[in-house]
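Novice: Chain by chain, the residues:
Protein chains: 2
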Amino acid sequence: MLGYLYPLRTYFVVAGDIEKPNPMTADWVIPLSFNPPLLGVAIGKKRHTRKLIEKQKDFVIAVPTVELLKDVWTAGTLSGSRENKAERMGVTFVESKKVTAPSIKECQANIECKVVKQVETGDHIFFVGEIVNVSHGDGFVDEKPDIKNYKFLMHAFSGKNFTYQSDELIKP
Amino acid sequence: MLGYLYPLRTYFVVAGDIEKPNPMTADWVIPLSFNPPLLGVAIGKKRHTRKLIEKQKDFVIAVPTVELLKDVWTAGTLSGSRENKAERMGVTFVESKKVTAPSIKECQANIECKVVKQVETGDHIFFVGEIVNVSHGDGFVDEKPDIKNYKFLMHAFSGKNFTYQSDELIKP
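From first to last, the protein sequence lines are chains A and B. Each step along the first sequence adds one to the number in the working numbering, with nothing skipped, and position 84 is 84. Each step along the second sequence adds one to the number in the working numbering, with nothing skipped, and position 150 is 150.
Think of the hints as simulated: they come from the structure by calculation, not from any bench. Wrong hints could be hidden among the right ones.
Identical copies carry no separate label here, and so any pair may be met within one copy or between two of them.
Taking lysine-lysine and the DSBU-like style, the derived pairs with C-alpha atoms no more than 35 Å apart in a straight line are [unchecked claim]:
1. Lys51 with Lys148
2. Lys45 with Lys117
3. Lys105 with Lys55
4. Lys57 with Lys171
5. Lys45 with Lys148
6. Lys148 with Lys55
7. Lys70 with Lys97
8. Lys51 with Lys171
9. Lys20 with Lys46
10. Lys160 with Lys46
11. Lys171 with Lys20
12. Lys70 with Lys98
13. Lys45 with Lys171
14. Lys51 with Lys70
15. Lys97 with Lys46
16. Lys46 with Lys114
17. Lys171 with Lys46
18. Lys144 with Lys98
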């Protein structure tokens, strides 16, 4: 019944470290608080990433545009417990400023988070992260996405079905 | 720093009852679990809607398309503690099947939820709801959004700046 919330934005959730980055793909990401700045991500209980984040207590939300669709699909369909996903992808992992989890150079933003709470929600664990640093590219100006020039990736619905936002700005 | 997660989908969160519906607008909505089917919504602590949901323990997430932009803006900018927002809007509130909170006839989906958990997250309260019923229009077929024919509303960034998803389906 979750399909009625789609289409939704798609992001990378990066755990691990610069020696062994572990990226996955997540549509289930949400802002939670302005002050302190918090966001949340829901990760399946059986996922390798869940175990890593529980242990290292930090993660990065990296913001892909449509050019990274193949990497998004790779990160979302392989398991980090069995394969080195980072090696199968075409992106460059770089050190983050304030967390152990690495950032992705080709993403338009890398949002570094430290876990402040985790909550069981059915078959997922919901991690609440405090945003401790953000690095970004030209896709954002004054913390606003440049929707005229960048296509931010969205999952249209389950499976290999993606889209992006329109470049039309509409006003009420 | 939350601007780096935008653009994000925009929804109505409806509380109150059919006699006195209380809709607000929320970008901060997330799927949380397949089994049981759960979703979450973060609502500012000082919001009237927060008090209503805490009391009535249910709410509806209603899915607007671009045609409802003016109503989305009205619901997002007036306070339900001072005004009867429902009367200022052009939509039709109808009874939901399994919760007290009403549904919105003109929305493409109405997702009825019962609160199963609430968590403090900074300046917001995060309500976890179990989905107990969904009613929907032609905007969804087999629980999938029809992105070719419907423009699902998105908040491009803060303020009067909205957009919607592209009608192009892309495959990895």
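Novice: State whether the alpha carbon distance between Lys105 and Lys55 is at most 35 Å within one copy, between copies, both, or neither.
Specialist: For Lys105 and Lys55, the Cα distance is within 35 Å only inside one copy (24 Å; across copies 46 Å).
Novice: With identical chains treated as interchangeable, where does the CA-CA distance between Lys45 and Lys171 reach 35 Å or less: within a copy, between copies, both, or neither?
Specialist: between (40 Å within a copy, 27 Å between copies)
Novice: Have a look at Lys160 and Lys46 and pick one of within, between, both or neither, based on CA distance no larger than 35 Å.
Specialist: Close inside one copy (22 Å), not across copies (40 Å); limit 35 Å.
Novice: Within, between, both or neither: how does the pair Lys148, Lys55 come out at a Cα-Cα threshold of 35 Å?
Specialist: neither (40 Å within a copy, 43 Å between copies)
Novice: Could you place Lys144 and Lys98 in one of the four classes (within, between, both, neither) given a Cα distance threshold of 35 Å?
Specialist: within (22 Å within a copy, 39 Å between copies)
Novice: When Cα atoms must be at most 35 Å apart, do Lys20 and Lys46 count as within-copy, between-copy, both, or neither?
Specialist: For Lys20 and Lys46, only the intra-copy Cα distance (20 Å) is at most 35 Å; the inter-copy one is 43 Å.
Novice: Classify it for me, Lys57 with Lys171: is the Cα-Cα distance of at most 35 Å met within a copy, between copies, both or neither?
Specialist: between (40 Å within a copy, 33 Å between copies)
Novice: Can you give me the call for Lys171 and Lys46, within, between, both or neither, at a CA distance of at most 35 Å?
Specialist: Answer is between; shortest inter-copy Cα gap is 26 Å, intra-copy 42 Å.
Novice: Under a CA distance limit of 35 Å, which applies to Lys70 and Lys97: within one copy, between copies, both, or neither?
Specialist: within (27 Å within a copy, 42 Å between copies)
Novice: How do Lys46 and Lys114 come out at 35 Å by Cα distance, when the copy is not named: within, between, both, or neither?
Specialist: Answer is both: 21 Å inside a copy and 26 Å across each meet the 35 Å cutoff.
Novice: At most 35 Å between alpha carbons: which applies to Lys97 and Lys46, within, between, both or neither?
Specialist: The answer is both: 29 Å in one copy and 34 Å across copies each meet 35 Å.
Novice: For Lys171 and Lys20, with the copy left unspecified, which applies at a CA distance of at most 35 Å: within, between, both, or neither?
Specialist: Cα proximity of Lys171 and Lys20: across copies only (28 Å, versus 45 Å in one copy).
Hints 1, 6 from the earlier list are contradicted by this structure; the remaining hints agree with it.
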